[in-house]
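*Asks:* Residue-level listing of the chains:
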Amino acid sequence: KQWYQRRVAITAGGEKIRVIILGDSGVGKTSLVNLLTQKSSKPTWTVGCNAEVVLHDSQEFKQEFIELWDIGGSGVHENSRGVFMRSTFHGMILVHDLTNSKSYTNMIRWALEFARNGERPPSRRVSRDTEVALLRAIQLPVLIVGTKQDHLWSRSRYSNDRSGLITNLNANMISVNTLDGVQFKGSYQEQQIKGFFDTVIRNKKSASSRFNQPYYSRQGSQSPSNLQKYSSIDLGFQGYGGAG
Amino acid sequence: QRRVAITPGTLTMVVLGFVADCILMFTTQVMFFIFGYLFFMLQLFSNYEIHQRGVQVLFAVTFTISCSMFELIIFEILGFMELSSRLFHWKLNLYFALFLLIVLLPMYMSYILLNNLRILRQPKLTAGLCFISWVVYFYCFWKIGDPFPIMNPKQGIFSIEQMISRVGVIGVTLMAILSGFGAVNCPYTYMDYFARHVTEIEVNNLEKRMLQTLEMILNKKKKLVIEEKKSEIKSAGNEGWWSKLTQSLSNNTVVLQLTDEIISLEELSRQLYLEIVDMNNMRERLLLSKTLLGQYFNFMGHIFSGYLAYKIFMCTINIVFDRVGKKDPISRGMEICADWLGFKFDAQFWAQHLSFIIVGIIIVCSIRGLLINLIKWFYAVSSTKSSNFIVLFLAQIMGMYFVSCVLLMRMNLPPDYRVIITEVLGDIHFNFYHRWFDVIFLVSAVVTICILYVTHQTSPEKFR
Numbered sequence: 001k002q003w004y005q006r007r008v009a010i011t012a013g014g015e016k017i018r019v020i021i022l023g024d025s026g027v028g029k030t031s032l033v034n035l036l037t038q039k040s041s042k043p044t045w046t047v048g049c050n051a052e053v054v055l056h057d058s059q060e061f062k063q064e065f066i067e068l069w070d071i072g073g074s075g076v077h078e079n080s081r082g083v084f085m086r087s088t089f090h091g092m093i094l095v096h097d098l099t100n101s102k103s104y105t106n107m108i109r110w111a112l113e114f115a116r117n118g119e120r121p122p123s124r125r126v127s128r129d130t131e132v133a134l135l136r137a138i139q140l141p142v143l144i145v146g147t148k149q150d151h152l153w154s155r156s157r158y159s160n161d162r163s164g165l166i167t168n169l170n171a172n173m174i175s176v177n178t179l180d181g182v183q184f185k186g187s188y189q190e191q192q193i194k195g196f197f198d199t200v201i202r203n204k205k206s207a208s209s210r211f212n213q214p215y216y217s218r219q220g221s222q223s224p225s226n227l228q229k230y231s232s233i234d235l236g237f238q239g240y241g242g243a244g
Numbered sequence: 245q246r247r248v249a250i251t252p253g254t255l256t257m258v259v260l261g262f263v264a265d266c267i268l269m270f271t272t273q274v275m276f277f278i279f280g281y282l283f284f285m286l287q288l289f290s291n292y293e294i295h296q297r298g299v300q301v302l303f304a305v306t307f308t309i310s311c312s313m314f315e316l317i318i319f320e321i322l323g324f325m326e327l328s329s330r331l332f333h334w335k336l337n338l339y340f341a342l343f344l345l346i347v348l349l350p351m352y353m354s355y356i357l358l359n360n361l362r363i364l365r366q367p368k369l370t371a372g373l374c375f376i377s378w379v380v381y382f383y384c385f386w387k388i389g390d391p392f393p394i395m396n397p398k399q400g401i402f403s404i405e406q407m408i409s410r411v412g413v414i415g416v417t418l419m420a421i422l423s424g425f426g427a428v429n430c431p432y433t434y435m436d437y438f439a440r441h442v443t444e445i446e447v448n449n450l451e452k453r454m455l456q457t458l459e460m461i462l463n464k465k466k467k468l469v470i471e472e473k474k475s476e477i478k479s480a481g482n483e484g485w486w487s488k489l490t491q492s493l494s495n496n497t498v499v500l501q502l503t504d505e506i507i508s509l510e511e512l513s514r515q516l517y518l519e520i521v522d523m524n525n526m527r528e529r530l531l532l533s534k535t536l537l538g539q540y541f542n543f544m545g546h547i548f549s550g551y552l553a554y555k556i557f558m559c560t561i562n563i564v565f566d567r568v569g570k571k572d573p574i575s576r577g578m579e580i581c582a583d584w585l586g587f588k589f590d591a592q593f594w595a596q597h598l599s600f601i602i603v604g605i606i607i608v609c610s611i612r613g614l615l616i617n618l619i620k621w622f623y624a625v626s627s628t629k630s631s632n633f634i635v636l637f638l639a640q641i642m643g644m645y646f647v648s649c650v651l652l653m654r655m656n657l658p659p660d661y662r663v664i665i666t667e668v669l670g671d672i673h674f675n676f677y678h679r680w681f682d683v684i685f686l687v688s689a690v691v692t693i694c695i696l697y698v699t700h701q702t703s704p705e706k707f708r
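Here the protein sequences line up with chains A and B, keeping their order.
Just so it is clear: in the first sequence, position 42 is 42 by my numbering, and no numbers are missing.
With positions in the second sequence counted from 1, the corresponding number in my numbering is that position plus 244.
A portion of the hints provided could be inaccurate.
Listed next, the stretches of chain A that the computed footprint assigns to chain B, with coverage defined by at least 3 CB atoms under 8 Å from CB atoms of chain B [unchecked claim]:
#, segment
1, 52-65
2, 96-107
3, 117-129
Reference excerpt, derived from the structure (chain A facing chain B, CB under 8 Å, subset only) [as the list claims (entries may be wrong)]:
#, residue
4, G26
5, P43
6, V47
7, F184
The set of hints was computed from the structure by calculation and includes no laboratory data.
For each residue, glycine too, the CB sits at the ideal point set by N, CA and C.
Based on the sequences and whatever the hints tell you, model everything.
*Replies:* In structure tokens:
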């Protein structure tokens, strides 16, 4: 019963776990956030950043607060979005629209923009190797969510990764119908998202515990690439055109 | 009149000439179609997947028809193709354009709208509703033309002139509104005089404030979740209805207060973000103004503001003194040259070349300006669901715009070249359209000046 007093102390103390949600305008990021926080409002275009909290509860981690930063994706605000990406994040969710194949290929642009910390892209085209290196340097757990699953008749037939860059993210993929909260509860997708949050928290805790170690043990500590990487679990893509 | 013996030889020559002209027109139309098709795919729908090819085809067809009408004007000036085939193609293009704008596009738009609403699944019911909505649209379209003095009682009810006059009214209104807005907005965005000075420090300060606001929002939301959990636990543990009631009341006040604070903080963060976007835009503009391109834009801004002042002056004079120019600028310019400056030159030769250059420039600028505006509006308004409907609406606007461009361009042509337009479009009151354009242009420019003045005055003081 006293857990809430402990929670208040932790909130004031600043142990924050942040997850950033990126994707094209109108794919359903805010709907997804509403689904996860069990709100039922019909959202309008997100201006700036829509910040929500989720109280995550699983077998491994009890009652952890996870901050979800849902960044508005409209192109008009492109020069100011970067301010949000400069904070430290511990997880990334990329959202695309199952009825719009362009939003799937645009996810790479979002990942690259995040990898550049919100800076404007260089005017010359970067080589593919640079892009691959940038993507691999995102040492964060990544989850890819496809929305509007209920729109079966206008489903895109081309959701495959033509550029081959998305595999560099080592991400898990799910597809949801963000408007149906009843069906989501206890479903397979909810388990996947909970597993993703578990990995995010595990990552954060192991990183912070390493930084808290005394200096002598840090001498022989591992390089950043040994950070616990989110291993890709091949679930089989539900209904995707390419690999299904 | 020459008398030509009509032999089979001359007949085949005439027919061959006509066929050659048709092939020429068709080739250029195919080129326009490909351009419109690619423009749709690469620029308009660059972020959306194209589910319905019909929309893309219809957009490209509208673009093709408009461009071929402009092409026919150019051919008129240059004297390409036989007169009879030019007339034939004019009529063909015009009738097809009217069919597109009045029948095909509205029908397709209502079909898409009804499909999107997802109420009905049967195709027959959808088709019936489509037809009914088209009839309603046509009735409104007809009624628009009533208050204007463009109906000629000599003509029948459903004649071509009636349709053209109504399309012309709508298109000329659009053109005038866009011209007025553009003529004012262009100097405002180009000239450095109106650029606000924004330093990086100010932007950083605002960004810090916004991030702090976000932190506060997140803390309050965490507290809210804790409070809600607290009340759950407490109400689960409490016996008796009185203690339950008091508990729920006291918790509710805290919850409501937190919710109110969160809502106001979120609104604040949105306003801060919009201000940051504005300031970043200003900074980009300042950076651009230091380059060569920026200085060129600044110079052009001064020229355009001079042109705007001249145009407003001329429109006012036209309206006040109720005069419409009878002579086109080219002939008048040459008259002035001949009378005052004493130049004697071959009027015919120069009229043709000058008309060609000026009309060509006007056409290219109109097309380019409209396409750029289409892209801007489409990105601002569209979403995945409404993209098809909006693009068809924009195609309709584009068609009407270009048809009235042709109508108004008649005044810019020397009398020799006006003949064919007058003949094709029929006996409509051209003077009315010029007057209507002047009025709407004046209104639009003045309204834009007022709006820009108000926003310019109020914006710098918001968050300093």
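*Asks:* Any hints from earlier that this structure breaks? Give me their numbers in increasing order, please.
*Replies:* When the structure is compared with the hints, numbers 3, 5 and 7 turn out to be violated.
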